[in-house]
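One line per chain: the protein sequences are A and B, in this order. Residues in the first sequence are numbered from 0 upward in steps of one, following the numbering used here. Residues in the second sequence are numbered from 389 upward in steps of one, following the numbering used here.
Rather than coming from a laboratory, the hints here were simulated on the basis of the structure. Do not rely on the hints blindly, as some may be mistaken.
[To be verified] A few chain B residues facing chain A, derived, Cβ under 10 Å:
| # | residue |
| --- | --- |
| 1 | E411 |
| 2 | A422 |
| 3 | L425 |
| 4 | P448 |
| 5 | Y450 |
[Stated by the list, open to error] Label-pair restraints from in silico Cβ distances:
| # | chain 1 | residue 1 | chain 2 | residue 2 | range |
| --- | --- | --- | --- | --- | --- |
| 6 | A | N114 | B | K391 | 46 to 54 Å |
| 7 | B | S399 | A | P160 | 31 to 39 Å |
| 8 | B | E411 | A | K164 | 38 to 46 Å |
| 9 | B | K395 | A | T168 | 47 to 55 Å |
| 10 | A | L292 | B | V461 | 41 to 49 Å |
Cβ atoms here follow ideal geometry from the backbone N, Cα and C, with glycine treated the same way.
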Amino acid sequence: MCDHCLKHGTAGKWYLNARNYTTEVLDDINIDEDFLKEFLLEQYKTFESMQVRKLAGFSAVGLGYKIKIPIIGRITKYFAEKMLHSEKSKFNPFQAEGHIGQVVPLDDAIAILENCVDENTIIMKYCMCRFQTRAEKEACCINFGIMSDIIDKLPRFIPEPEDSKYRLTKEEAIEKFTEFNQKGYIGTIWYGAYPYINNLCACKTPECAGFGPRLNFGIKSIFMAEYLVENNPDNCQGCKRCITMCQFGAINFNEDTKRSEIDHSKCYGCGVCVYACRFDALSIIDRQVIPTLAGKY
Amino acid sequence: MGKTKIKIDYSVCGDGNKIDPRECAICMKVCEPALFLLHQSLEKFENDNHYDPQIWRITPVYLSLCTHCMNCVEGCPEKAITVSW
Ligand code: SF4
Ligand code: SF4
Ligand code: SF4
Ligand code: SF4
Ligand code: SF4
Chain A
0 MCDHCLKHGT AGKWYLNARN YTTEVLDDIN IDEDFLKEFL LEQYKTFESM
50 QVRKLAGFSA VGLGYKIKIP IIGRITKYFA EKMLHSEKSK FNPFQAEGHI
100 GQVVPLDDAI AILENCVDEN TIIMKYCMCR FQTRAEKEAC CINFGIMSDI
150 IDKLPRFIPE PEDSKYRLTK EEAIEKFTEF NQKGYIGTIW YGAYPYINNL
200 CACKTPECAG FGPRLNFGIK SIFMAEYLVE NNPDNCQGCK RCITMCQFGA
250 INFNEDTKRS EIDHSKCYGC GVCVYACRFD ALSIIDRQVI PTLAGKY
Chain B
389 MGKTKIKIDY SVCGDGNKID PRECAICMKV CEPALFLLHQ SLEKFENDNH
439 YDPQIWRITP VYLSLCTHCM NCVEGCPEKA ITVSW
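If we strip away everything but chain A, and leave its shape as in the complex, we get:
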C-alpha cells in the first residue's frame, strides 16, 4: 500500500475511495470548486505547451541529456518528481502539478465507474497525449466531476458528433473502457489536481506523457498497479499474443518450454495481456504476494 492509499484509501486503494471524487476533498487543502475549475480551464486551454514551458529554469526539452549530467540530472529529476507529486494547494496551471496517476486493470476501472463516479458528470474527451505527439484525435479519456462543467468551454477536446457522444452513462463508460482495454490500451486513474480524482484514461506508449518520463528517464510520473500478472504454464499454448499486446516488454518467450514468462520487475499490472490470452493462462494477482515487489509501485 503506498502513502496515497494509507492517507486517502478505503479498502486499501486511494482510487476506490468515493470521497476523493467529490469536491468535499477540496476542503482538505483549503481550495474551493471555483478555484479548481479556473485552474483546470487554464491548464487545458494550453495543455500541449506544458512540456516546453520552463519551470525553475528547466523545461522537458532535451530531458534525457539533462538527466545524464551528474548533478544537474539529479536536480532535474528531483524537481520533476516534486512537481508531479505536489500536494500543495497553490497550483501553477501551466505545469502538471499534483497530476499523478496509477495503472488500473479493467476490474478496478469498472469498480471506479460503478461505485465512485457521479453518473451525471461522465464525459469522454480527446486524448491530449495522442494529439500532442501524433496530431491524432482519439476519444478515449474518460473524465468526471468538475471536468464535465468546464468541457463546454474547451471545444477542441470534445469529440466530433460522428465520432461518439461525449456525455456517457455509467454503462456506456464501462462498455467504452472495456473496448479500450481489449484494444490494448492501459487503464490509468489520475489526480487532477491532488487530492481530487477526475481522469480515467486509456493510454498508449510511447505517446502518453504520463508514462514517458518513467519509461525513458526513471522519473516516477505514474505508479505501477496494485497488481501483477501470473502465467499458468499448464494452460499457456505459447501463441505469443500476450507478448504482442504488452506495451512494457514485460513478457518473454521461453524457447525451451515454449511458454511465455512474465518479467515481474517490468510488469505494470495493467491486465491487458489477461484479456488478450485466449487460453485462460494469465491471471491478475495482488502485488503484495510477491515479497520482492510488494510496495514497489
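Since the structure of chain A is provided, determine the placement of chain B with the ligands on it from the hints.
Using the frame of chain A, we list chain B with the ligands on its own:
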C-alpha cells in the same frame, strides 16, 4: 556519439506560416519514439504565458530518444527538418 540536434524551420512550418503542423503532422506520425510535441506557439508570448489558440508549432522534446532513422527528414514535404549528431 554526440547529442542529437533537431531543427525545424519555423519560417516554413508553424507559427502561422505556410504550413499548419496540425494539418501536415507527417514528421510526428513517422517518428517511432514520438519525440515531437505539437503545441500552441509561445514564442511571441513567453513572458506573460499568453498564446494564440490558432498558432501552433512543433518542438522536438526528448532529443535523446532519437534513433537517427531520418524518417522525419525524408518525410517532410517542405524539407523543414534537419537532424544532426
Ligand atoms: S494520460 Fe493516457 S488517455 Fe490520458 S491523455 Fe494521456 S495518453 Fe491520453
Ligand atoms: S497469450 Fe496466453 S497462451 Fe498465448 S503465449 Fe500468452 S499466456 Fe500463453
Ligand atoms: S505483463 Fe504486465 S504490463 Fe504487460 S500487459 Fe500484462 S499486466 Fe500489463
Ligand atoms: S530521425 Fe527518426 S527518431 Fe529522430 S526525430 Fe526523426 S523520425 Fe524521430
Ligand atoms: S513534416 Fe515538415 S511540414 Fe509537415 S509538420 Fe513536420 S515539419 Fe512541418
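Per-residue hint verdict: Y450/B, partner chain A, C-beta under 10 Å
Holds, about 6 Å.
Using Cβ atoms only, decide whether P448/B comes closer than 10 Å to chain A, and label the hint accordingly.
holds, 8 Å
Was the hint right that A422/B lines chain A, CB cutoff 10 Å?
holds, 4 Å
Given the hint of 47 to 55 Å, check if K395/B and T168/A actually sit that far apart at their C-beta atoms.
Hint holds: Cβ distance 49 Å, inside 47 to 55 Å.
Return holds or violated for the Cβ distance of N114/A and K391/B against the range 46 to 54 Å.
holds, 49 Å
Cβ distance range 38 to 46 Å for E411/B and K164/A, holds or violated
This hint is violated: roughly 26 Å between Cβ atoms.
Cβ separation of S399/B and P160/A, checked against the hinted range 31 to 39 Å
holds, 37 Å
Tell me if L425/B is really an interface residue toward chain A, meaning its C-beta lies closer than 10 Å to one of theirs.
holds, 6 Å
Let me know if the C-beta of E411/B comes in closer than 10 Å to any C-beta of chain A, holds or violated.
This hint holds: E411/B lies near chain A, its Cβ roughly 8 Å from the closest one there, short of 10 Å.
Does 41 to 49 Å hold as the CB distance between L292/A and V461/B, or does it fail?
holds, 42 Å
Hint compliance for this structure: hint 8 is the single one not met.
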